[in-house]
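Sequences and hints are given; from them, build the entire structure.
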Amino acid sequence: MQSQTYIYDGTFDGFLTAVFHVFEFKLKTVNIQNECVQQHGLFSENETITTDEKKANRVWVGLKKQLSVRGRFQLYYAFLSEKEGIENVLLDYIRYAFTKTNADKDFAHPSVLKVAQIAKMVGREKHRMEAFVRFKLTQDEIYFANIEPDFNVLPLIEKHFKRRYADQKWMIYDIKRHYGLFYNLDKVEIIEMQFPEHFDFTKTSTDIFAAQEFEFQTLWQDYFKATNIKSRKNMKLHIRHVPKRYWKYLSEKLPS
Amino acid sequence: MSFQRTQEKLKILADAAKYDVSCSSSGSKRANTNKGIGDATGMGICHSYTEDGRCVSLLKILLTNHCIFDCAYCVTRKSNDIKRAAFKVQEVVDLTINFYRRNYIEGLFLSSGIFKNADYTMERLVAVAKKLRTEENFNGYIHLKSIPGASDELMREAGLYADRLSVNIEIPTEQGLKQLAPDKKREDFIKPMVKVKNEIIQYKAEKKIIKSTPKYALGGQSTQMIIGASGENDFQIMQTSNHFYKNYNLKRVYYSGYVPISYDDRLPKIGSEVPMLRENRLYQTDWLMRFYGFDVSEILNEQHQHLDLDVDPKLSWALRNLHEFPIDVNTADKALLARVPGLGMKSVYKILNARRFRRLNWEHLKKIGVALNRAQYFMVCDSNQFERRDLTSEKIKGLILQNSTSKYRNSLSNQLNLFS
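For the record, the sequence lines run as chains A and B. Mapping to our numbering: the first sequence position 156 is 156, numbers consecutive. Mapping to our numbering: the second sequence position 386 is 642, numbers consecutive.
So these bits of chain B aren't anywhere near chain A, every CB distance computed over 12 Å: (1) E455; (2) I457; (3) N577.
Some, not all, of what chain B presents toward chain A, calculated at C-beta under 8 Å: (4) K274; (5) V312; (6) K316; (7) R357; (8) N359; (9) V530; (10) N609; (11) K623; (12) I624.
Bear in mind the hints are in silico, worked out from the structure with no lab data behind them. Glycine included, C-beta positions come from ideal geometry on N, C-alpha and C.
Now the structure itself:
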């Protein structure tokens, strides 16, 4: 039997639309792929799915009846992991969810457990970004931070930062995925920016950032050093909490 | 703000505050109001970790390290020859706000040496918190130290601006306190603790009737004990801890392995090792008391006054109580599951849910994340493979240690070498 491959546009709605088609045509073997990472199978038939909000909503409403809030969160979180092949795990999860209520709590089911575990990884990354974002004040009075998370967590952290920094303009830019969030004191917008070629995101350039920025970075570095207890040194634990891949944008971890 | 002077002060006063281990920034419900700055509704966030592996969540500083007391265990004791400094109220406010805006911290942890007298010191701490709340519209987390001997009126005011208040009893027994801090009395610590406890109860009761009742220390109270400075055993420490949890409704008791800072004969010598492993075992016991349904007397009692260093306290308890095992993972209730070594509360939650769908076997448990290395000797599941030999406690312990690489193996072998 020829297998079918659905190509979708990478959005969550696009994915749910593809799921809708799977159910509509009662497909047994199907492969759902993001258009950005598509690979052509030799013997498969490709079909591009046009995102349809109505179809996506129908799937989501159906899932609402079957899954707990936590289960739905896990589904969305796992989707944002952008892991290769995650769509097919999620499809299996959704199929199972439509056969059993509260399926999201069946942790002995391979797809349910997998989704729960990946969702946990994404949740951890979300929490890390809430911790590791380091704003730098620009000359235009915008608190700017760049991030490079493993997973696409910007949609998940928007609410946290909006609630917390309600009285300052801020921007968080994902330089791996080339988009960011900008809060203009009223609402949060999704933006795409052009940075000069060879722009060094680990440096605090005086052309862009406010003069007092350096003072606060220095104070923060001093504080970070002073609060450490040398006789308790435990680098293994330190690195487990702050993995090295995050160091380059943490001012306290930069060589001074 | 003069940069150089602030920098100098920050170095001194952060260094002096670092032995206070409380770092919590959770448990409050202070939401951002009127588009102000900050929010303390969610879970706590650790913004960074120092090289000792401890979290940096709050800007933890002393207002001043001038102190009229001479407690042997303390770096800022009067007789210690160190640089002294003091922040102005406005300096602390500026630092807090600017660090917070850059997402460095969750808020402020402000403690102080005692200068002039208790009330004078407490007044200054309250002034910082008040300024942050009322002038800067700051809704981040504030943790203030309750200064022993401060008046009831000041303690009441402190709770209105702070999310958490704490007073450190430092030495687990009154006898030890008398020896190391002759100027201080246990009652002085207890008095502000009682005041805050009663205020919390009262404000909570009033809030049920009148919704506009202001928030009062929503993050509760905590305290800290120094471990290994005054010769107490684990039984004494956990008894004291239990006493404070029960009688003063504390949110947390922290255990701080003593870092030698003095040549005083009454204390461990400079250069002697910080008892980090012991500290870790005490925290594990604390967790067993608060989240796993253990009574402290099950783990530590007249017969067992010391925690094992080579295995965790739950395993140690299970090895002494083999008659309670094995339990059947597919039928045992939550309280029993929580007592199985190698099962954390997250695994318990997953097991309770998953077994509604099917009977669980070893493969399921392994995938769920159960530490089978320990758990396998204490449970049966949907499998005909289980431990049939009638093993003694010593044998089980040996098998478990053989198959594990404890993160503390190094420090443990060092400590054992001392006695061999």
